[in-house]
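S.K.: Going down the list, the protein sequences come from chains A and B. Note that my numbering gives residue 181 to position 181 of the first sequence, counting from 1, and the numbers run on in steps of one. Basically my numbering = 1-based index in the second sequence + 1000.
Just to be clear, a hint being listed does not mean it is correct.
[As the list claims (entries may be wrong)] So the derived label-pair ranges between C-beta atoms look like this: (1) Val1075/B / Gly126/A: 19 to 29 Å; (2) Leu1010/B / Ser154/A: 22 to 32 Å; (3) Ser6/A / Asp1063/B: 16 to 26 Å; (4) Glu1005/B / Met120/A: 34 to 44 Å; (5) Ile205/A / Leu1010/B: 37 to 47 Å; (6) Ile1033/B / Thr4/A: 23 to 33 Å.
Treat the hints as calculated values from the structure; they're not laboratory data. Ideal Cβ positions, reconstructed from N, Cα and C, are used throughout, including at glycine.
What follows is the residue order along each chain.
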Amino acid sequence: MTATFSLKGMLRGARDIAPVSMFVVPFGIAFGIAASQAGLSHLTSMLMSAFVFAGASQFAALPLWGDYIPILPLLFITFAVNARHILMSASLYPWMKALPWTTKLGSLTLLSDANFALAMKAHEKGEWDVGHMFGGGLVLWTTWLIGTAIGITSGEFLGDPRALGLDVVMITFFTALLAGSWKGMETLIPWTVAGIVALIAFYTIDGSWYIIIGALAGGIAGVLRHDGA
Amino acid sequence: MTGLEVSMGLALTLMVAVTYFTRISGAVVMSFIPLSNKVKRFLSAISGSVFVAIIVPAAVEGDLAAKAAVIMAVVASIFLRNAVLAMLTGVMSAILVRAVI
């Protein structure tokens, strides 16, 4: 079998992702609200959702946002939060191999967790059309933009963000993500290292460097742990 | 520790570029050589670690509502198996704590 890319495949992907995509709208609304509260203009928020299209990293970037933005922390955090895309992209390669590079690189613009997971599941059951991943991605992209748009328009009318728990939206979402990806020792060790190092760095170094240092420490611990075992 | 600061437009552009890079680099690299196990482990570990590095100081420094939100998000994840619902549980816990205290 060889890879194809067609409208029919895209429709199958869109169909398969429909139930999941419902949850993207409230998440998008949460981002839109958080972005407004963080001082982003409507245009910036929409552009970010449209072209970054990566909710977790968008949330993570908000605390850094202002008229002048520390670029190294921003780019590192964006990279680290989105690093899992690299693994997903690598996993897709064997399937996509036969497609021309323009199609490969074009379809990967909409790579995200949910459409990747559903496409791989479909692939295991015989789906060879990469449109499945892209079609699912289009649905996610649309719902993400709709959610963001609703969030930014309602953000102005809400009262005290703290009373509505808006300041904790980001950390609760990340916590939920982490809890869902728990894998016992494999995650316990890097995460414990990351948490401790980040905390120490938080109290000793200014700015958002603690995130970078904590994440790197966790990454290194993840590599070393296996070597030491 | 200070560093280079840039305007919003440039920051957003670079953020888009980095994100797109993460989306395509896996496939591009794989077309030359398979990702080594070390690299895969590093990327996998850093993905979770960056969230931990963000959450832990925020929860330690945060008020009771923030701590409650994180704890309840973990508890809800165990029972609900859905990230968005677990998040909502955490946020509602924060709202509750702030309303009561």
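S.K.: All hints, please: hold or fail.
M.R.: Going through the hints against the structure:
no.: 1; hint: Val1075/B / Gly126/A: 19 to 29 Å; verdict: 39 Å, violated
no.: 2; hint: Leu1010/B / Ser154/A: 22 to 32 Å; verdict: 29 Å, holds
no.: 3; hint: Ser6/A / Asp1063/B: 16 to 26 Å; verdict: 53 Å, violated
no.: 4; hint: Glu1005/B / Met120/A: 34 to 44 Å; verdict: 40 Å, holds
no.: 5; hint: Ile205/A / Leu1010/B: 37 to 47 Å; verdict: 24 Å, violated
no.: 6; hint: Ile1033/B / Thr4/A: 23 to 33 Å; verdict: 26 Å, holds
In summary, the numbered hints that this structure violates are 1, 3, 5.
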